[in-house]
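**Student:** Here's the letter readout for the chains.
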Amino acid sequence: MDQVFTISIFTENSIGLLNRITTIFTKRHLSIESLNTSESEVHGVYRFTIVVKTDEELVQKIVKQIEKQVEVIQAVYHIDEETVFQEIALYKVSTEKASENNLVERLIRDNNARILSMEQDFMIVEKTGHKEETEELLDFLRPYGILEFVRSGRVSVIKPSNELHERIINF
Amino acid sequence: MVAVLEKSTETKLRISGAEAVVRSLLAEEVDMIFGYPGGAVMPVYDALYGFQDQLKHVLTRHEQGAIHAAQGYARATGKVGVALATSGPGATNLITGIADAMIDSTPLVCITGQVGSHLLGSDAFQETDIISISMPVTKWNIQVTKPEELPEALARAFYIAKSGRPGPVLVDITKDAQFAEIDFNYRKCEQIRSYKPIPKLNLESVKKAAELINGSQKPFVLFGQGVILGKAEQEFKTFIEKAGIPSAWTLLGLSALPTDHPLNVGMLGMHGNYGPNRLTNECDVLIAVGMRFDDRVTGDLKRYAKQAKIIHLDIDPSEINKNVKVDVPVLGDCKESLSTLTSLINTNSHPEWLQQFHEHERIEQEQVIKPEMNPQSAELTMAETIQQINKVTNGEAILVTDVGQHQMVACRYTKFQKSKSNITSGGLGTMGFCLPAALGAKLGAPEREVVAVIGDGGFQMTIQELGTIFQTQAAVKIVVLNNNFLGMVRQWQQLFFDKRYSSTELMNPDFIKIAEGYGIKGKTISERKDLASSVKEMLEYDGSYLLEVCVGKEDNVFPMVPSGASVSEVRLS
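Sequence lines, in order, name chains A and B.
Per this note's numbering: the first sequence = residues 968 to 1138.
Per this note's numbering: the second sequence = residues 123 to 695.
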């Protein structure tokens, strides 16, 4: 049965490694839902966070094939319940209707979002949360006129213990 | 080589990047490479000119020839094969061979020239992004734009290519990095922190495997190329002999165990033997050693060995549970895991179980093998040709095959005494592989007889390499089994496409005249009375020789597990 898996990959910093990793998904004809990369807690070790929707058997195979790449230190996968994860969304909203009353501001507050910038004819709103939450705010704001919307890839840390950290620093 | 290295370290040689490439190859004990020059790799070729006495460069007629020759060399010698090509088309022409080496785990280092670093990304003449193109078919690759990075890149390349599960790597070097000078200092790579080529053997899983084997009534071993790559032929033999387990080979496992070994029960898979296929679904414990359950071996996975407990010995963790769910995985270098396993198993024999293989063999003998070896028709068969070759070579030759009917027949019937004697394109099924691979094998193992058995289709895919055979005077014996058809496709068309022979019939040239043009002696035969003497003449001839054997146009290869069928449904006709 298909479900959401977050794949965390710890790597060396080398040119083209992103390409090498994504070809493994291409080979299996699997679409990547989201992808993020940044340096990890260990200097020089990079962390990829890739979200896919598939069955566990396939994600297991893919993770093993990723892990066997020479410059990959470790690859693991988790289901949502095993991680804490967030995405950040930015909304550029027209102020034409929004300035008519203060409903929008209340909406933004109630959704734990915030206004980053207020311009003459638009404002920029930021919200951090799960996809459903940023999606929900998008639906709320849509009647006011969305000029731009962008959501980041998922970033995720693993709940149980510090086992993963230990493995990364001791590899 | 060591002397050269020490000297270079002491004196801090100031040399060009191109010369650094050559000296790095020498430091890795490379004495032969295969390649084709061109603009972006000319500095390396210029450097090679000064080292001709230490490093032989074999000029093939096409880069595909170079890469297949490097593969043949690697498979025959167990060393890393090296191919050299220029940028753009030179590099892309290597791709088929790289993909072939990837799927068949052949250690290769491919070096390509690249346009100058200031031109990268500008669509310069003969520029192609070979790093991206080769990424999914290389174990590792790297582009070098700074000459001081060259020695380490090459040291890593050799280490990665040959360690763990071997594979092809590619080093792409910009032209400016070849020209610029560096202080050369080469150190072999011994480890890379993110790379663990050999998993640590888990004794608990070996114990579980031993328990299953000790409790088994009908154990069955499947062995693949891992036994050869792991240099574990002796450990493997000791293992199966102690436990008395019938053992069948995959196409690439062939020659790891002598053909006439009493426990060698034959070939697995689509055109494998009758017994090994049918009895896969009757064994109680299946022990896979250094093989990867390719779909050509397993047929329908839903009906594959469901009754058996499965033990899988492999060096590559990603192979475990990839195709077949395994009960006991044993990760590690099979040289170590097999000897550990052997120490934990009971001495045993399974005569009744082995007898079942013999009964199946008898049926196959009657229905397939004898009619192929002693045909009633006037036309020669592929099988009787291979039989004649066996009579002269006594299992001592290296057999190199291409892809198709002739490959299946040659691998089924050739007798082997020595390991690393079967060189074929297994996983990728690359037509055109044979001729250049045979050349590479002969140059790598000149003391051995090398017999290239090719179909008329595959022969013409890399026929230009007759030129390389001519120039190198490599004494490759070439047997073209000519049925004027792309035989395997035609067989499928006959059996599964209602005999609609769409684009499979070939109008062939006079192969003997072509060989003569290249200064290679040749002969064509189509009658049985000429077969034995002609095979003998070819093998006794001092030099390369082309024997064209005209065989039955519409002969088929059996047994056959039809595509998508279960191994139990193997057909004899």
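There may be inaccurate statements among the hints.
Below are the DSS-like pairs computed for lysine-lysine, each with C-alpha atoms no more than 30 Å apart in a straight line [as the list claims (entries may be wrong)]: (1) A:K1035 with B:K444; (2) B:K447 with A:K1020; (3) B:K457 with B:K340; (4) A:K1031 with B:K492; (5) A:K1035 with B:K340.
Hint data in this document are derived by calculation from the structure and do not stem from the laboratory.
A quick note: this is a predicted structure, and the numbers were derived from the prediction, not measured.
**Student:** A separate judgement is required for each hint: does it hold in the structure or not?
**Tutor:** For each hint, the structure was consulted:
| no. | hint | verdict |
| --- | --- | --- |
| 1 | A:K1035 with B:K444 | 14 Å, holds |
| 2 | B:K447 with A:K1020 | 22 Å, holds |
| 3 | B:K457 with B:K340 | 24 Å, holds |
| 4 | A:K1031 with B:K492 | 46 Å, violated |
| 5 | A:K1035 with B:K340 | 34 Å, violated |
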